[in-house]
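For chain A, the structure is supplied; the task is to place chain B on it using the hints.
Taken in sequence, the protein lines are chains A and B.
With the working numbering applied, the first sequence covers 334 to 616.
With the working numbering applied, the second sequence covers 521 to 1271.
Where hints are given, some of them may not hold.
[As the list claims (entries may be wrong)] Chain A regions said to be covered by chain B (calculated; three or more residues, Cβ under 8 Å):
| no. | stretch |
| --- | --- |
| 1 | 467 to 480 |
| 2 | 519 to 527 |
| 3 | 596 to 610 |
FYI, nobody ran anything at the bench for these hints, they're computed from the structure.
Cβ coordinates follow ideal geometry from the N, Cα and C atoms, glycine included.
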Amino acid sequence: MTYEILKPETLQDAFGLLDTDDPMVRPFSGGTALMLMMKSGIFSPSRLVVLRDIPGLNGIRLEEDGSLWIGALTTLAELEKSDLVAQHAPVVTHALRHLSNRRVRNVARIGGALAHGDPHMDLPPLLSALNAEVIVEGSNQGRRISVQDLVTGYYETSLESNELIVAVRIPSQQSWQSAYRKFTARSADDWPALGVAVSLNASRNEIQDLRLVVGAATERPTRLEQSEGILRQEGRSGLERATEAAMASVEFMDDAHGSSQWKKALLRVELRRAVQEILDRNT
Amino acid sequence: MTTTEVGRSLPRLEARQKVTGHGNYTHNIKLPGMVHAKVFRSTVPHGRILSIDTSDAIALPGVTAVITGQDILKIIPEPYYGPAFHDQPILALDKVRYVGEPVAVVLAEDPRVAAEAAELIFADYEELPAVYDETEAMTSKAIVHDELKPAGTFPDLKHLIGRKDTNIALDFHLKRGDADAAFASAEHVYEHSFQTQQTMHTPFEPLISLAEPGDGRVTIYSASQSPSFARSEVARLLGWPENRVQVKVGHLGGGFGAKLYIKLEALVAALALLVRRPVRLSLSMEEQFYTITKHASTFHIKSAVDKDGRITARKCEVIWNGGAYADIGPRVTQKSGFTATGPYDIESADIDSYALYTNRPPAGALRGFGIPQLVWAYESHTDLIARDLGIDPVEFRRRNILRDGRPHVTGTIMKDAAIDAVLETLAKRMDWDAPFDHGSGTLKRGRGIAIGFKACVSPTTSVASVSVSADGSATLYLSTVDMGQGSDTAMSQIVAEVLAIRTEDVRVINPDTDITPYDMATLGSRSTFHMGNAVRKAAEHAREQLLEMAEKVGLPKKNTLNVPEIFRHAYGMQAGTVIGVGTYIPTYASPDKDGLSDNVTPFWMIGGTGVEVEVDTETGQIKLLKMVNAADMGNPLNPRIVETQLSGAAIMQLGFTVSEEMILDGGQVTNASLADYKIPGIRDIPPHIENHIVEAYTHDGPFGAKGVGESATFGVSPAVAEAIHDACGVRLTKLPMTAEVLYKALHGEQE
Chain A
334 MTYEILKPET
344 LQDAFGLLDT
354 DDPMVRPFSG
364 GTALMLMMKS
374 GIFSPSRLVV
384 LRDIPGLNGI
394 RLEEDGSLWI
404 GALTTLAELE
414 KSDLVAQHAP
424 VVTHALRHLS
434 NRRVRNVARI
444 GGALAHGDPH
454 MDLPPLLSAL
464 NAEVIVEGSN
474 QGRRISVQDL
484 VTGYYETSLE
494 SNELIVAVRI
504 PSQQSWQSAY
514 RKFTARSADD
524 WPALGVAVSL
534 NASRNEIQDL
544 RLVVGAATER
554 PTRLEQSEGI
564 LRQEGRSGLE
574 RATEAAMASV
584 EFMDDAHGSS
594 QWKKALLRVE
604 LRRAVQEILD
614 RNT
Chain B
521 MTTTEVGRSL
531 PRLEARQKVT
541 GHGNYTHNIK
551 LPGMVHAKVF
561 RSTVPHGRIL
571 SIDTSDAIAL
581 PGVTAVITGQ
591 DILKIIPEPY
601 YGPAFHDQPI
611 LALDKVRYVG
621 EPVAVVLAED
631 PRVAAEAAEL
641 IFADYEELPA
651 VYDETEAMTS
661 KAIVHDELKP
671 AGTFPDLKHL
681 IGRKDTNIAL
691 DFHLKRGDAD
701 AAFASAEHVY
711 EHSFQTQQTM
721 HTPFEPLISL
731 AEPGDGRVTI
741 YSASQSPSFA
751 RSEVARLLGW
761 PENRVQVKVG
771 HLGGGFGAKL
781 YIKLEALVAA
791 LALLVRRPVR
801 LSLSMEEQFY
811 TITKHASTFH
821 IKSAVDKDGR
831 ITARKCEVIW
841 NGGAYADIGP
851 RVTQKSGFTA
861 TGPYDIESAD
871 IDSYALYTNR
881 PPAGALRGFG
891 IPQLVWAYES
901 HTDLIARDLG
911 IDPVEFRRRN
921 ILRDGRPHVT
931 GTIMKDAAID
941 AVLETLAKRM
951 DWDAPFDHGS
961 GTLKRGRGIA
971 IGFKACVSPT
981 TSVASVSVSA
991 DGSATLYLST
1001 VDMGQGSDTA
1011 MSQIVAEVLA
1021 IRTEDVRVIN
1031 PDTDITPYDM
1041 ATLGSRSTFH
1051 MGNAVRKAAE
1061 HAREQLLEMA
1071 EKVGLPKKNT
1081 LNVPEIFRHA
1091 YGMQAGTVIG
1101 VGTYIPTYAS
1111 PDKDGLSDNV
1121 TPFWMIGGTG
1131 VEVEVDTETG
1141 QIKLLKMVNA
1151 ADMGNPLNPR
1161 IVETQLSGAA
1171 IMQLGFTVSE
1181 EMILDGGQVT
1191 NASLADYKIP
1201 GIRDIPPHIE
1211 NHIVEAYTHD
1221 GPFGAKGVGE
1231 SATFGVSPAV
1241 AEAIHDACGV
1251 RLTKLPMTAE
1261 VLYKALHGEQ
1271 E
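The shape of chain B in the complex, shown without the other chains:
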C-alpha cells in the first residue's frame, strides 16, 4: 500500500512548543488557593507504627494541616491501592515496609514551610526483621505483608486471596512437553545463574500531581501515563462514580513506567478533599528513589542440548524482587515470565517465575517490563553454551531461532516476528564474518550480539475519537500520553492518512478523562498497535460518514474527499461536525493451568544489539566503541522518531548495564540523588551508534506498524557481557558491570 502521511519522518508536532518553553507540563499549573504538600517518610525498613507526633509540625507558622493515614480513613475507609494487588496504603497505617514509605503529609502555603514542618514530625516504630534479597525472601521468617491482598477483579489472582506467611505475591508456572526426559537424554546440560540490580526510571520531570476539590467531584492534574486507570482507581477508593473524578494530563518529561497506575493521585485527591483546598505535591528527584523502581532479579537457567547444537529443553526459575508493594510486579512475573526461554525453538520447557515482597522501595514497570532482566540471563547463557560447544554464537542462535510458523513454548504460533531478520541484520552490520582485531597489550577488544523478544500485555482496550470540522481540519481525542515518544505525531499521521489531509492539520487533545475516551494506559509499547488501531478505526468511521454525506447530497463518489464541499452541500454553509469513534481490543486466550495458550499476545516485539568494547585490563575500564541496534517494528509510522526510540532505549539500558545501581544500607538507599546515582552522560555514549529498522509488516497493526519503545533495551546487557568475555576472557553474571567489578574479576580480590 502506498501511503503519503504514514511513513513520513516529520518532526514531532509539539517540538516547537517544548523547545520554546511553552510545553504544557503539569509543573506549570497554579491553582487559586493552592497549598503545597511535603511527605514525611519512614526511616525504618520494616516496623509497626507506635505513634506519630505531629504537634511541632502543626505549630509551625504557615502550616495548614498535617495528615496521617488515620485521617485518610475518614474519607477512604479502605485506602489500599494497586493495579494487581490492593496492598499499598495511601499513607502508612499500621506498619511501614520500606525506608522512604510515605507516613504523613504536611500542607502549607509555601513549599519550603511544608518541607521544614515535615522535619519536625516524629514517628516511633517497633522495628521488625527485614528482608531485602529476593532469594532470601523466598524462605525468610521476615514477612512483609501479613496477608496477600490481590485485587478481586482478576479471576487469575483469586486463589491468592488471604494467603498468609509468605512473601511470594504470585507464582507463575509454564510446563510444555517433558523437560525432565529431555534433560535425562541430553548430550550436554548447561546451568547458570544471573542477577540484575535495582535501578530507577529517572524521568527528568519528577512525579507531580495536583488535586482540586469540587462539589461532589475532584479534578486531578497529573504527570501520569495512565489517566483512565487513575480515574477509575481514585473513584473506586472514594466509592464515587467515575464521572466525578476528572484526570488531566499534559506533556510528560519522560515516564518509562514510573508514572503508571496511580502514584500520587489518590494521595492528593484525599488531601484536597480533607482540607477543601487545591493541593500540589511535587516530588524531588531524590524522592523518586522511594517511589517506584525496576525489579532486581535472580534467574537460574538450565538447558539441554543435543549433539547438533540444538536446544531440546530449558528450565527457568526467575525470582523478581518486587519491593514492599506489588505495583505491577505480579504481571511482570507472569506476562514477561512466559518468554523466559528466549526467542528459540525449544520442544520442552519448565518456567517458574516468582514475584517476591521485600523491604525495598517498590518495583514496577520499567521500559521492557522485565524483559531486559530475562534477556540478560538467557542470552548470556546462550553465549556460554556456544562457547563451550565451540560454535560461533551467531551460528548457534541460527540453529535454534524461533521462526514464523513455529510454536513458541506457550503454544502460540509465531507470526510477524522477524527474529531471524533482526539477528541477520546485526550480524551483517557488525561485519560478523570478517576477522576481528582483539587488540594487544593491556587494551583488549571484543564484541557480542544478543537478541530478545517480548509479548505485549493483553488483552487491553483503546478508544479514540476523531472530530472533523466543516473546514476539513480534524481533532483527535485520545488518552494515550505523549511522554516524549512521539505518539501524538504518529497518531496524527494515521488520522491524516485515512482522511487524506496533512498531519499538520490534525490537532491532538491531551488526555482529559472528561473529554478523551478510555485507554488502558501508555505502557509496554502497546499504544502504536492498540491505540493506533483505534485511531485508524475512528478516522475510518468519520470517513465513512463523510462519504455517506457526499452521496446523500449528490456529490460524485471520489476517493479523494473534499471535506469542506461535503459540509457546505449538506448544511448550506460552513457548519456541522462529523465524529468518528474507534475501539480496539485484540483477541487473546488466557493461559491454561500449564501456562499454555494458542494466542498469548497480539504482536511480538523483537530487538537486538551488537557491541564492540575495549577493556583496559589494568583498570577494568570498559569502553563501548560501537553499538548497533536493530528491531522489528513492523512498518514504521515515522521512521525518524522510531530510530530515536531505538537509540534512546539502548542508551538507557546501557546505564543499567555498566553503572546504575540503587545501593542499600540497612534498607536505606545511600545514593538517592543524581550526584551519586549516575545515568549515562553524553561522554558515556558510544561514539558510533547505528539503528536499523528491519523490513517487516505487522498484519494486524495499523498500516503494518507495531510498538517500538522497549525493543532496543533487550540485547544491550548480554551483548556487552559477551564482548567483555571476548575481549579478556572473563564472564560477568551480575549487573552492573562496572570497572571495579571487572577489575576484581580479572585480578582477584587480593592483588
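Chain A with its partners taken away, still in its complex shape:
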C-alpha cells in the first residue's frame, strides 16, 4: 500500500528510476488513468516516477518539414486550444472537444494517453490514421515508433520499462483530409465503444491513398487494410464493400460498452459516415 513518489528533473534520472523489473514501478504524467486503477485496486504501485519536472517535454511547434512536434507532457486541453493543431491537424482539435470531459483534458497528457495502451481511447486510432509517430528516448539509443506499432495488445505497448515517450510527431497533412467518428454507449463523456479514424488523400476527388483505423471496439487500434485496398481500387463506389470487409476483418470485443455484434454494426455505419464526411467536403 505504501509507495514512493519520485520527481526526477532530468530524463536520465527518470530512466534510472524506471529501469527495474518491478511491474509496480510506473511513470506518472497526468495520472487520470493510473489514479482510477489505483482507486479500484487494480494497480498498487511501489514507485511512481512523476515526469512533470523534466524540462523539454512541453510545447507544440511546427517543424521545418511541416510536421507538428508535440511534447509528451502537453495536456489534452493545450492540444485542444492550440492554433497550430487547429491549422495543421484540425481533426485532432475536433476530436478533443468530445474526448471525456474538460477536467480530464486539463490534466491528461498526450504521452501518457498513448503509453497507457488502453484500447478505449480516441487518440491512438486517430494519430495512427494521421501516420503520427512517437519519439522515444531511453537508457539506450532513442528511437521512433509509429503510433500504429506502439500499441501491441490489450494495455500492451512496445515500450521498454526504461523508455519514455518524449514527443509525438504528426507529419504534414498537406493533401490529406481526415475524420474521426466515435460512439459512446453510456454517456456522452464516456470512453468510446467504437472509434473510427479515416485519413484520405483525395486531392482530385479520387482516393489516391488512405488510412482507416478502428479503435475501442477492438483489443488495440487496428488498421483496416483490406478495406483500404478496396477503396483505393474502386473509390467511392467500393464503400459498401469496404465496410463489409472491415466488419469481417477485425475481431470485436464484448465488454461493458456493448456486445461485439452491435459494435460490428456500429463500425459499418461509422466507417461509411467518416469516409462520406470527407468525400462530401470535396464536392
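Quick look at chain B alone, frame taken from chain A:
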C-alpha cells in the same frame, strides 16, 4: 392573498457560503483523537459465516482495533435496525445476504492504514443458494431471511411477525368494485408487463458519519436526511433515553433518499463506544453501490376498456426487488403501491403489490419513492392502449383523467390535484396539435407525453420553533435537512412573510437534535407541506405573542409589527426573546382491509413530461431534442428554486431511463464506480428544456404550497418510450433504453 416574501425568487441563503468553499459539510469535521474506520465487506451473495480471521489486520502497525458483529453484541444485544423491519444487523452476524454487506470494521489512526488492514481480513463462508430476480424470489427455494422481523411499533405489520420460508416481506392489496365482472364484459382487454432496473442515488457527497463518545452519551455527526429518526433508532438500539443521543447534520451534498433512516449512524456510535474514541467512517463513491439503491421492479398491468375508450377496470401486480434488507421498501410497496392504477378515473381495481427480499444490495427510497417505476408501466400501457384504439394519446388521457371531486381508487376524493392542468400544459407547450415532422432516412423523430401522480407518505409530524430577538431578527430551529433542495430558503421565506421581515434577516439553525425540534425526515417531498405548515404556525405563534405584548404595553394595534419597539417598551431596553412553536400533523385515515381510505394523503403531487427524440435507426442512438416538464406544486414559495427542482428531477430520471443500471454478475456489482456507472453529463442533457409551474393552490398547504422535489421524475421514462415508438415503431418495455437495446429491437439479435 398578496405576499411579499413568499413567491420571491431569491437565491438560496447558503449559496455564497457553498460556492466560496465554506459549506458546513460533515466531511470537514475533525475531532480530537479521532480514528478512521474502513469496512470489510462480504464477497459472497448469500452464506453462513464460518469464521472471520482478523489476526493479520490487527497486527498491522497503526491499527487501533478490528471489530466484528460479535463485538457489537457487547453493547447492543439486539443489533438489528430498519425503519419498517428490524432485519439489518449493524455488522453481519450469522449470515451474509449480499456481496458488499459489512462484515467487520478496521479502526486506525490513518484511513489508508485502515484500508490496507481491511484487505488482510479473511472470512470463511458456507455458501448458500442465492436469488436476485424479484419474480424468481416469489417462489424461490433460496430464502434470504429465515424469519420476518417487522418492527413491532407498526400495527399494520404485526401479522407478519415470525413468518417463515418466504421472501415476501410485505404484500399489499387493494380491491375496489368488481374488476372481474368489468373484465368479463369489457369491449377491449389489454395486458402488458414492464420492468425497471436497479440503480443508485449517486449523491456527490458519499455517506459519512462520525461519532464521539461522551459520559453516558454519544454525539453523531452525520450526512443524514433524518436526524430525528437517527437519534431515536440509535437510542433504541443502545437502550438509552433519546436525550443521550445527539445527532448533528450540516449541509448535504445531495441525498435523494440515500441518507435516510440510519445508514452508518449505529455503526459509528457502536464503534466509538467500544473503543472510547471518536470514529469517522466515510464511504467511497464505490461503496455507496453496496449501501442503498433504487428498487428494480416488475409490473403486470391489465385494463378493461369500453367502446368509448373509457377504462372501466384495472388489475395491477407489482413486484418490488427490495434486495437483502427491507429498509423502507415495504412502505414503497404500500404507500406507492396504491397509486398503481394511475391518475385515471377507474371504477374497479385490484392492486397486488409485493416487497421481495433478494440477495442484492438493499433498495430503499429514491426520488419518487417507487412512483417512477409505476408511472413507467401505467403510462406505457396507456399509450399502447391509445395506439390500439387509434385514439390520440393526449385525447385518450383526457377521457379517463381523474378530476377534482372524483374518487381515487382508494375512495379518497381528489382535491387540489391539477392533473388535467398538467396534461393540458404539456399538450400546449409541446404544440401537440400541430403537424409533427417524423424525420426521414435513418434519422427518425418522435414525441411522447406522460403524466403521473404521487400521494404523500402519511401521517407524519413536523415541529419547528422560531425565536424572535429584541432587535427584530429571527432564528428558525428545524430538523428539515437542506440537501440542496433549498428548504432553508423556503422556510425562511415563510417566517419572513408571517413576521413581516426580510427573508435575509432569518437565520436557520441546521439540524441538531439537542436543539432543533422533531421532524419525521426530509423525504418524499413532505417538507414544504408538513414543515412549512409547522414553520408557519411557529411564526404565527411568535407573532401572536408580539401582538399581545404590544397591547399590554399600550402600543397601537397595527398590522405591521415594529418588533424592536415592542421589546423596548416591554423590557425598557433591547432585551428579551419571544419563542414561537408550531407542530403539524395532517389528518389521515388508514386503509381498511381492502386498501380503501377516504383520506389517504394530505396532498397529491402531480407531474408530467413531454419529449421529442431523434433515433438513429442504424446505430440505435437516442437523442433527446426537447424536454418539457410541468408540475402542480400549488403556489410556489420560491419559483426559481422550484424550476431547478423540476429540471433536476427530470434529468436524474433521464439517467435512469437511458443509461444507468447496476449490473450484477453472481451477485457482484460489476460497474460499481462512476467510471462504469454513467450518470448524465452536461452533453447528455437535452438542448431544450422547459419547466412549467401550472397554476394551482393547495388549500391546506403553507401559503398554498406543496412538495415538488420528485414530481418531474414521474413522466420521463414512459414519455421517452412513447417517443421512440412514435419515431421508429418499436416499443421498449424494460429500462434502461440504451442504444444497443434499441438497436437489437430494431434489427433483431442476429444481423
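Status of the hints after comparison with the structure:
no.	hint	in the structure
1	467 to 480	violated (count 0)
2	519 to 527	holds (count 5)
3	596 to 610	holds (count 5)
Going through the hint list in order, the structure does not satisfy hint 1, though it satisfies all others.
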